[in-house]
Each structure stands twice: as C-alpha cells, then as structure tokens.
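**Student:** Last residue of the sequence shown: number 221 in the numbering used here, and the count goes up by one each step with no gaps.
Think of the hints as simulated: they come from the structure by calculation, not from any bench.
Check the hints yourself; a few may be wrong.
Taking lysine-lysine and the BS3-like style, the derived pairs with C-alpha atoms no more than 25 Å apart in a straight line are [claimed, not checked]:
1. 154 - 216
2. 217 - 158
3. 154 - 217
4. 158 - 76
5. 127 - 216
6. 158 - 216
7. 76 - 216
8. 127 - 76
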Amino acid sequence: MKQLLRLSGIGILVVLLVLVRLFEHQLFYDPLIDFYRYGGHLAMDVPQIIFPKLLLNISLRYWLNTIISLVILFVAFRDKNIVKFAALLFALLFGISLATFSVLYFNLNVQNVMGLFYVRRFLIHPLFILILLPAFYYYRLKKRANP
75 MKQLLRLSGI
85 GILVVLLVLV
95 RLFEHQLFYD
105 PLIDFYRYGG
115 HLAMDVPQII
125 FPKLLLNISL
135 RYWLNTIISL
145 VILFVAFRDK
155 NIVKFAALLF
165 ALLFGISLAT
175 FSVLYFNLNV
185 QNVMGLFYVR
195 RFLIHPLFIL
205 ILLPAFYYYR
215 LKKRANP
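Given the sequences, and given the hints that come with them, work out the whole structure.
**Tutor:** So this is what it looks like as structure tokens:
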C-alpha cells in the first residue's frame, strides 16, 4: 500500500510537469517557442523580444519545474540529503545555463541559433530529473549492496 501511494504521488507530480508544458503559452512569455516551432530560425527572422521579461519567465518556468522535480525525488527516496544535493545541482545548472543562454542570445547568428535552442530547451523542460532519478536509484542500490 505504501508503494502504491508513493507511485501515485509521483504520477500526480509528473502530471503537474505535463500541465506546465501544456499551458506554456498561457503561463509564460516566450516568443522563441513559435520562432523554433514554425521555422523562423531557418530564415533568422528573430521575433521582437523583451529580454528581461523573457529571462524572468524562463527562470520562473525552470524553478517551477525544479520544485516539482525535487518533490518527485523526495517522494521517491524520502531522503532530505538527496533533495539537498539535487537542489544544489539544479542551482548550479541554472546559473551556467542562464549565463550561456544570455551570451548566445546577445551574439545570435546562424552558427549559434541551434545552440540557443538547446540551452533554452534545457532551461524550460525538466530534463534533469530524467538523469537524477535513475542516478539516485542506482546510488541507493549500491548503498544497500555495500553497507
């Protein structure tokens, strides 16, 4: 029963991540979504962007996904040390990615337009949880095998 509750909790949290994605147009300012979706990047027709507003919305989306991801890790492992370590990794990743995104944006040209796309994608999608969840699971298995 306890395992079922844990899996249900993780399922609900994953649905929250999906909802963030489904309602991205309503919740967040990001003109680059359509720029990449409809091929504007191929012609370099960069839309008009309010950069501080874009950074704020990308940051909000990143931290919303991060909070949900950290709760997933807590529900899965019930270990505050894992959550603290993951939070530190998320914060480091955020700083590096946001700085990289800014540099790429202000130097936007044909060579780095896809780099901007991938860094932005890493910021707005909860990809890091896909790495951390199996990594911490493997860590737990190794820890139990070698007490």
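**Student:** Are the hints correct? Go through all of them and say.
**Tutor:** To see whether the hints hold, each was checked on the structure:
1. A threshold of 25 Å between alpha carbons decides the hint, and for residue 154 with residue 216 the separation of about 18 Å falls inside it, so the pair holds.
2. For the given pair, residue 217 sits about 18 Å from residue 158 by alpha-carbon distance, which is consistent with the 25 Å threshold.
3. Between residue 154 and residue 217 the alpha-carbon distance is near 16 Å, which keeps this suggested pair within the 25 Å criterion.
4. A distance of roughly 24 Å separates the Cα atoms of residue 158 and residue 76; the hinted pair therefore holds under the 25 Å criterion.
5. Distance restraint check for residue 127 and residue 216: the Cα-Cα separation of roughly 44 Å exceeds the 25 Å cut-off, and the hinted pair is therefore not satisfied.
6. For the proposed pair residue 158 and residue 216, the alpha carbon gap of about 20 Å is at most 25 Å, so the pair holds.
7. For the given pair, residue 76 sits about 23 Å from residue 216 by alpha-carbon distance, which is consistent with the 25 Å threshold.
8. A threshold of 25 Å between alpha carbons decides the hint, and for residue 127 with residue 76 the separation of about 43 Å lies outside it, so the pair is violated.
Checked against the numbered hints above, the structure breaks hints 5 and 8 and satisfies the rest.
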